[in-house]
Amino acid sequence: MNCGKYQSQFNVYLDGDLSLREREKLQHHLKECLPCYRKWSSLQKTQEILQQLPNLDPPEHLSAVVMARLKNRRLRQPLWFSANLPRWLPMGVGAALLLLISVVLWQVMPSQYPWQSLFPSSRKNVATSTLPAEESQETLTIRKGDPGSSVPVMVLRVKDFSRADQELQSMLRSFTRPPLPERESSRSPHARSARLFQLQVPGQRLPHLLRELHKIGHLDQSQVESQKLANPGQQKQVSIRIVVVSNGSDVEIRQLREGR
Amino acid sequence: MGTESLAQHSSGVKRQEEQLLVDGCRRGDRESFAQLMRLHEKQIYNFTYRMLGSEGEAEDLTQDIFIAAFRGIRSFRGEAKFSTWLYRIALNQARNRIKYLSRRNFFARQTRRADDGANTGSESPEGLADSSPTPEQWTMAKDLAAQVQECLNQIPPQARQILVLRDVQGFSYDELSEMLSLRPGTVKSRLHRARAAMRDCLSEKLE
Chain A
80 MNCGKYQSQF
90 NVYLDGDLSL
100 REREKLQHHL
110 KECLPCYRKW
120 SSLQKTQEIL
130 QQLPNLDPPE
140 HLSAVVMARL
150 KNRRLRQPLW
160 FSANLPRWLP
170 MGVGAALLLL
180 ISVVLWQVMP
190 SQYPWQSLFP
200 SSRKNVATST
210 LPAEESQETL
220 TIRKGDPGSS
230 VPVMVLRVKD
240 FSRADQELQS
250 MLRSFTRPPL
260 PERESSRSPH
270 ARSARLFQLQ
280 VPGQRLPHLL
290 RELHKIGHLD
300 QSQVESQKLA
310 NPGQQKQVSI
320 RIVVVSNGSD
330 VEIRQLREGR
Chain B
481 MGTESLAQHS
491 SGVKRQEEQL
501 LVDGCRRGDR
511 ESFAQLMRLH
521 EKQIYNFTYR
531 MLGSEGEAED
541 LTQDIFIAAF
551 RGIRSFRGEA
561 KFSTWLYRIA
571 LNQARNRIKY
581 LSRRNFFARQ
591 TRRADDGANT
601 GSESPEGLAD
611 SSPTPEQWTM
621 AKDLAAQVQE
631 CLNQIPPQAR
641 QILVLRDVQG
651 FSYDELSEML
661 SLRPGTVKSR
671 LHRARAAMRD
681 CLSEKLE
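Chains A and B supply the protein sequences, listed in that same order. To convert a position in the first sequence, counted from 1, into the working numbering, add 79. To convert a position in the second sequence, counted from 1, into the working numbering, add 480.
So here's chain B without its partners, still in its complex pose (with noise of 0.2 Å):
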């Protein structure tokens, strides 16, 4: 069995775990759920929180998008992915949610609050440098992650949507295309002028 046929076992057999867990969760059953929530917990924690940039709204908002996919468990219908339908949810809160922070003027003062220095994020930056950063490395690299989340903050929501789920959580343009409900050209297209905006914006902090 070649690398690529393994994959796609695995894959496999990861998707039919899932549907028996989501079978469960029809059932009413809520230790399926709990299972289903461990497997996806992180991935939508990590994309809410670099849609806000806070980790508490991060965590609320992460919240409310599990309690509304299992009231909605019924209306999965296993034709896509779970974590396509669940995507789905997350993309329509995280809108709402936006748009409920923004009215607020939450990412202004988030911001503001960067500007100052204030950003206290306990945002590993392992990540950003080499594997045993010195102290001066793990500051610039904390500073440097601190930069990008404030231009993700700046730019649109849409554009801001688009950039992490491909960039950030590597979602392929088919599955983005699906979460989305939108052609790939256009996802293309919408994701060329997300770049070019977080390009423009990481550019000015950088210099």
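Next up, chain A with everything else stripped away, as it sits in the complex (with noise of 0.2 Å):
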């Protein structure tokens, strides 16, 4: 036996759905089961009670007062509908025009990531040197968090790259205490046309580094914000960075700080 089952068959049966042979085996279970009788009778009396309530009268002034408060309304007049076009059509308008805007952005956007431009915030923390390679436009981005991330940046430009490269490499091993760390000088992905150097070297040396870049390649220092060059004497260790790249390169140097 199992009440649980036919129980389950009550609804169906309420509403006349349930098959002659489920009905006859359901009603020889109620013969021999008093608690599902007992169950099945109640649920048949409450359908009863709810089908059997009265049907009240509404009161006679309801539609008079609806229609005096209807007196001052207008009817809505959706856009789409009086031109009957299609339901969908103010969705597809919308995504359409978010996608437009989309497309507006990233192409109106001047720095890597468009978002930036929309969250100054994170933008100003990041610095960014456009290192253009010979063959292809790629970007190098060093981010807040990255080693030196606000230190000055000068711009080392070389006829021969990689020469210059393993003399610069040679000459800042002489400047820093310890080595040159191999891993953090090279952050370009462009190692045959441009290579970031970072490094400390004491602020009394600092002229005479000067001096050796200048004899390895021509020093842009225009594109140099170099305050914390502005009085080398007084700081025991300056940090510096130097992108060498080679000298057809076309290289925009933008250094973003904080609070700037």
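Worth flagging that the hints you see were computed from the coordinates, not collected in a lab. Owing to the predicted nature of the structure, the values given are computational and were not obtained by experimental measurement. Some hints here could point you the wrong way.
What the hints assert, rightly or not - Some but not every residue of chain A turned toward chain B, in silico, with C-beta under 10 Å:
1. 93
2. 121
3. 125
4. 128
5. 129
6. 136
7. 149
As the list claims (entries may be wrong) - Simulated pairs of lysine-lysine, DSS-like, Cα-Cα distance not exceeding 27 Å:
8. B:622 to A:124
9. A:150 to B:522
10. A:104 to B:668
Claimed, not checked - Chain B stretches covered by chain A per the calculated footprint, using a threshold of three residues with CB under 8 Å from any CB of chain A:
11. 545-556
12. 678-686
C-beta atoms are modelled at their ideal positions from N, C-alpha and C, and glycine is treated no differently.
Build the complex: two chains, separate frames, hints provided.
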């Protein structure tokens, strides 16, 4: 005897949708099982009571009140309805507009990540050096948190990149203790045409370093923001970054510092 | 013409007439709307009364439902029956009103009033008793109607609406499915739970 199974059929039975065979089985069960019969009978009685609830007459003044309230109201006129246009149209137009705005923003944004312009606070923490390579236009980005992200950048233009690169590496090793870590010094993805060096030098030796750099290539100081280099003699250690690029490359360095 | 086809024909004619009235409303003809309202006000008023358990609240809600229907008549595209569309508005408005009244403890106060014997509803109990009831039968039937309404007020609104639409107003599962935007299977299982909740409440009260 499975009371649960029979009880689950009560509603179908109540709606008169139970098949003849199942109805007979259920009726037979109800004759034998008193708990099921009680449940069934109370459910049946409940439905009877609900079906026999009287229908109330609405107040006579109801329609007059509604019509009076409607006197000064106008019908809503949905645009897409009056023009007999499909219902999905407003959503479609919205999606198309969103797509259009995204494309326009993507094209207009000057930076590598268009959303940086939308969130200025994140943008000012990023130092970006644009290093167009000979073959491909790629970008070198140094974020806040990267070693030396707020450090001045100098651009050294050289004729023979690979030779200057070697010279610079050996020269810089004499200026910095501990020796220049190779991993940190080569951040550029274009190792054949550009390389970023990052180092700390004693403030007193900085003029000497600048002279040495001038010997290797043309030091483009017009693009360098070097406030920290103003009085190098007073500082024990000065952090600098040097970007060495081959002469033909068009390099634009933009340093964005915190608080700007 | 058999009885069934006669009924179908009559329902088709009614639907055509209704469509003409709807077209009139869409053109802003208020008289057409008044006629439409006369066709449906009793059903809607009874629905709102069973949902709220108060004649005053039911009247206010019925007014709001018809006003919302008039204002939105142009969004009725005739894909469903007008009554189905109207009930969708009614269900939506009733849900909002129940939320509003529940926040103000309206239903709890109604129950307390009923417990104190202060229910003065004007429900005619003819339907609950014989055609010529004795005064005792009349009183008993009136009490029963009040207890049924009290139970309706106590069960969750979702169960209440499905129970009123199916067992009180006699809508089919297909119509319920369309009004509530639910699958027929979901309607059945919700009705099953609603009936059980109502039975438990009534059994407790009538014991």
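Hint check:
1. Hint status for residue 93 (chain A): holds, given a least beta-carbon distance of 8 Å to chain B, under 10 Å.
2. A hinted interface residue such as residue 121 (chain A) counts as satisfied when its beta carbon comes closer than 10 Å to some beta carbon of chain B; here the least separation is about 5 Å, so the hint holds.
3. Among the interface hints, the one on residue 125 (chain A) holds; its C-beta lies about 4 Å from the nearest C-beta in chain B, closer than the 10 Å criterion.
4. Hint status for residue 128 (chain A): holds, given a least beta-carbon distance of 6 Å to chain B, under 10 Å.
5. Annotation: residue 129 (chain A) was flagged as interfacial toward chain B, and the flag holds, the nearest CB pair being 4 Å apart, inside 10 Å.
6. Checking residue 136 (chain A) against chain B by beta carbon gives a least distance of about 7 Å; that is within 10 Å, so the hint holds.
7. At a threshold of 10 Å, the smallest CB-CB gap from residue 149 (chain A) to chain B is about 6 Å, leaving the interface hint in force.
8. For the given pair, residue 622 (chain B) sits about 17 Å from residue 124 (chain A) by alpha-carbon distance, which is consistent with the 27 Å threshold.
9. Under the criterion of a C-alpha separation no larger than 27 Å, the hint pairing residue 150 (chain A) with residue 522 (chain B) is consistent with the structure, at around 22 Å.
10. Proposed proximity of residue 104 (chain A) and residue 668 (chain B) is supported: the alpha carbons are some 22 Å apart, at most 27 Å.
11. Using a Cβ-Cβ cut-off of 8 Å, 8 residues of the region 545-556 of chain B lie near chain A, which meets the minimum of three, so the contact claim holds.
12. Check on the region 678-686 of chain B: 4 of its residues sit with their Cβ under 8 Å from a Cβ of chain A, so the three-residue criterion for coverage holds.
Going through the hint list in order, the structure satisfies each hint without exception.
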